[in-house]
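Protein chains in written order, with the working numbering: chain A, 61 to 154; chain B, 6 to 193.
Bear in mind the hints are in silico, worked out from the structure with no lab data behind them. Glycine included, each C-beta is placed from N, C-alpha and C at the ideal position. Errors might be hidden in some of the hints.
Far from chain B, by Cβ distances over 12 Å, these chain A residues were calculated [as the list claims (entries may be wrong)]:
hint, residue
1, 89
2, 112
3, 124
4, 130
5, 140
6, 146
7, 152
In silico DSS-like pairs for lysine-lysine, Cα to Cα no more than 30 Å straight-line [claimed, not checked]:
hint, chain 1, residue 1, chain 2, residue 2
8, B, 120, B, 29
9, B, 88, A, 110
10, A, 94, A, 126
11, A, 126, A, 147
12, A, 94, B, 98
13, B, 120, A, 133
14, A, 139, B, 120
15, B, 147, A, 110
16, A, 133, B, 29
17, B, 98, A, 113
18, B, 147, A, 94
19, A, 139, B, 191
20, A, 94, B, 120
21, A, 121, A, 139
22, A, 126, B, 98
23, A, 113, B, 29
24, B, 191, A, 121
25, A, 121, B, 88
26, A, 133, A, 121
27, A, 126, B, 88
28, B, 147, A, 121
29, B, 29, A, 147
30, B, 147, A, 126
31, A, 113, B, 88
32, B, 191, A, 126
Pairwise CB distance ranges (calculated) [what the hints assert, rightly or not]:
hint, chain 1, residue 1, chain 2, residue 2, range
33, A, 125, B, 70, 37 to 45 Å
34, B, 85, A, 100, 35 to 43 Å
35, A, 139, B, 75, 38 to 46 Å
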Amino acid sequence: MGFEALDPLLHSQLRLAVMSILVTAGSAEFTDIKEKTGATAGNLSVQLDKLEKASYIEIIKGFRGKRPVTTAKITDTGKQAFGNYVKALRDYLP
Amino acid sequence: MKTEDVMQPEESLAIISEMVERTKSNLRLNSFHFLYWGWVISILHFTTYVLLAYTDVTHPFYIWLSTLVLWIIPIVYERNRHKAKPSRTYIQKANGRLWLGYGIILFTFIFFQHKINFEINAVIMLMTAFATFVSGSMFRYKPIIYGSIAFFVAGIACFLVPTLYEFLICGAAIILGYLIPGYLLKRR
Chain A
61 MGFEALDPLL HSQLRLAVMS ILVTAGSAEF TDIKEKTGAT AGNLSVQLDK
111 LEKASYIEII KGFRGKRPVT TAKITDTGKQ AFGNYVKALR DYLP
Chain B
6 MKTEDVMQPE ESLAIISEMV ERTKSNLRLN SFHFLYWGWV ISILHFTTYV
56 LLAYTDVTHP FYIWLSTLVL WIIPIVYERN RHKAKPSRTY IQKANGRLWL
106 GYGIILFTFI FFQHKINFEI NAVIMLMTAF ATFVSGSMFR YKPIIYGSIA
156 FFVAGIACFL VPTLYEFLIC GAAIILGYLI PGYLLKRR
């Protein structure tokens, strides 16, 4: 069974998990997302890049004291896409 | 978590539910109980040590009776918090049950401490290590998990040192296991 109507960018375990976290929290630090999803740093970086390229999230790099901190923030486009994804899921559920 | 597996819609929903639950619970994790009990219990431990080591006070342990009354403040706090946000997540409910059970067993051990050779500090530290570890794991918050290690080490140490020094060890464990995570949470 194909899932053509489902956004392929969101229809992926880690990217969906990231977007679920961000749709709830608004924004989250890289380390928090990594901890919640159990992903490796490398893998998470790659997936965040894909989401950023699609303008679903914004990546903000800053500092806390001398420590670099990377924060991901969901965009309006991302919220819309997530909402559409959840609606589309319903068509596939029994 | 893999990224490119073909997911069934039910899996998608499960991922969304789990991540939303974890995120909501984590956001609602707050520092009050860690800071409140951290300060109360560490002050009681250090005061007991000072009274035993430097004064002739014959029953310094009576200061611990204050905890019977001091329970009221966190209970009132939780009631008010629950009123403000009535829909608790599953993790919050489970965490509440964990600490309720901890409290009941704690007071049971205290009541029967004469049956366990008065090694009550060691028992409390080990129980706290367990409860803190489970709580930190449920919320996936590392400072609390690391704090549980401090309680575990303190529990073992309390079995090995003279009673007088147990109060110093427990006070230090509370600082590491409650106060530091509490202040880190507050800063979030």
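**Report entry** Structure-inconsistent hints, enumerated in ascending order
**Finding:** 1, 3, 6, 7, 8, 9, 11, 13, 14, 17, 20, 22, 25, 27, 31
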